[in-house]
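Read top to bottom, the protein sequences are chains A and B.
Mapping of the first sequence onto this note's numbering: residues 307 to 436, in sequence order.
Mapping of the second sequence onto this note's numbering: residues 307 to 436, in sequence order.
Incorrect hints may have been included.
Note that the list lumps identical chains together, so a pair holds whenever it fits in one copy or between two copies.
Claimed, not checked - Calculated lysine-lysine pairs in the DSBU-like style (CA-CA distance at most 35 angstroms, straight line):
id, residue 1, residue 2
1, Lys-404, Lys-420
2, Lys-366, Lys-420
3, Lys-404, Lys-327
4, Lys-367, Lys-420
5, Lys-367, Lys-423
6, Lys-327, Lys-366
Hints in this document: simulated from the structure, not taken from any laboratory.
Here the structure is a predicted model, which means the values were calculated and not measured.
Number of protein chains: 2
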Amino acid sequence: MTTAAPTATESVARELVEFCKAGRNLDAISKLYSPSIESIEPMDFDGMPARMTGIDAIRKKNEWWYENFETNRHDVDGPYVNGEQFAVRYSFETTNKKTRERQQMNEIAVYTVKDGKIAQERFFNQVTDR
Amino acid sequence: MTTAAPTATESVARELVEFCKAGRNLDAISKLYSPSIESIEPMDFDGMPARMTGIDAIRKKNEWWYENFETNRHDVDGPYVNGEQFAVRYSFETTNKKTRERQQMNEIAVYTVKDGKIAQERFFNQVTDR
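Start from the sequences and build out the full structure, keeping to the hints where you can.
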């Protein structure tokens, strides 16, 4: 017995991972995200608030990403499932298009599924050694 | 600006990761867990419900683990932080003490910190390929 019906979550989780592995993040948003999606980043960034609501805002955030960064390498690990939530670990190597600075970035995202759509995404940033 | 005070979460997160890397999970529970800790596994297991509350139940779950499994190798990746929550990715290779079966297990845990203590742990199991 599981805490919640795993099938809907697992199915959405597998689809999201497939889209992300193929670099088709905007298609994932169109197909899998709720119109009222809530997105929670660890902090405000470049004029965008940490917490944003609505699929248009989330599309803009993703478009901003593609305008500002080239992805040299990306690795998608998951999904990991519990009830109506699932987690994915992302690892990127990016180049900032303006500064040409290369950056290695690891993050974990936790997604909440309601009525067969992703209703919340929450991103966790890797804490670096001091 | 961040969504919540990151310092308390980050400090607890770093301590938990250090304990787990050293295999000192029971010490982590004693030092970092709230007495009213809520634990949410993906499913019931061996007579234990998926959802358990209280530090004694969580200690018993961990003792059950040590009684039943040898850990041959473990890798702790994290912490990853957002506000009052943090995530850790665990990778284990274990041997079942009764059956001698070896198993590779990956999971992500999401922890919620309240008043400087871990108030909830939620485990996500890796979905395997079909």
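First find the shortest C-alpha distance between Lys-404 and Lys-420 inside one copy, then the shortest across copies, and answer within, between, both or neither for a cut-off of 35 angstroms. neither (38 angstroms within a copy, 40 angstroms between copies)
Reference check for the pair Lys-367 and Lys-420, CA-CA at most 35 angstroms: within, between, both, or neither? So Lys-367 and Lys-420 pass the 35 angstroms test inside a copy (22 angstroms) and across (30 angstroms) alike.
When no copy is named, should Lys-404 and Lys-327 be tagged within, between, both, or neither for a Cα gap of at most 35 angstroms? within (25 angstroms within a copy, 39 angstroms between copies)
Taking 35 angstroms as the upper bound on the Cα-Cα distance, should Lys-366 and Lys-420 be classified as within, between, both, or neither? This pair counts as both: shortest intra-copy Cα distance 23 angstroms, inter-copy 33 angstroms.
Identical-chain pair category, Lys-327 with Lys-366, by Cα at 35 angstroms: within (20 angstroms within a copy, 39 angstroms between copies)
Pop the pair Lys-367 and Lys-423 into one bin, within, between, both or neither, using alpha-carbon distances up to 35 angstroms. both (19 angstroms within a copy, 33 angstroms between copies)
Of the numbered hints listed earlier, the single one contradicted by the structure is hint 1.
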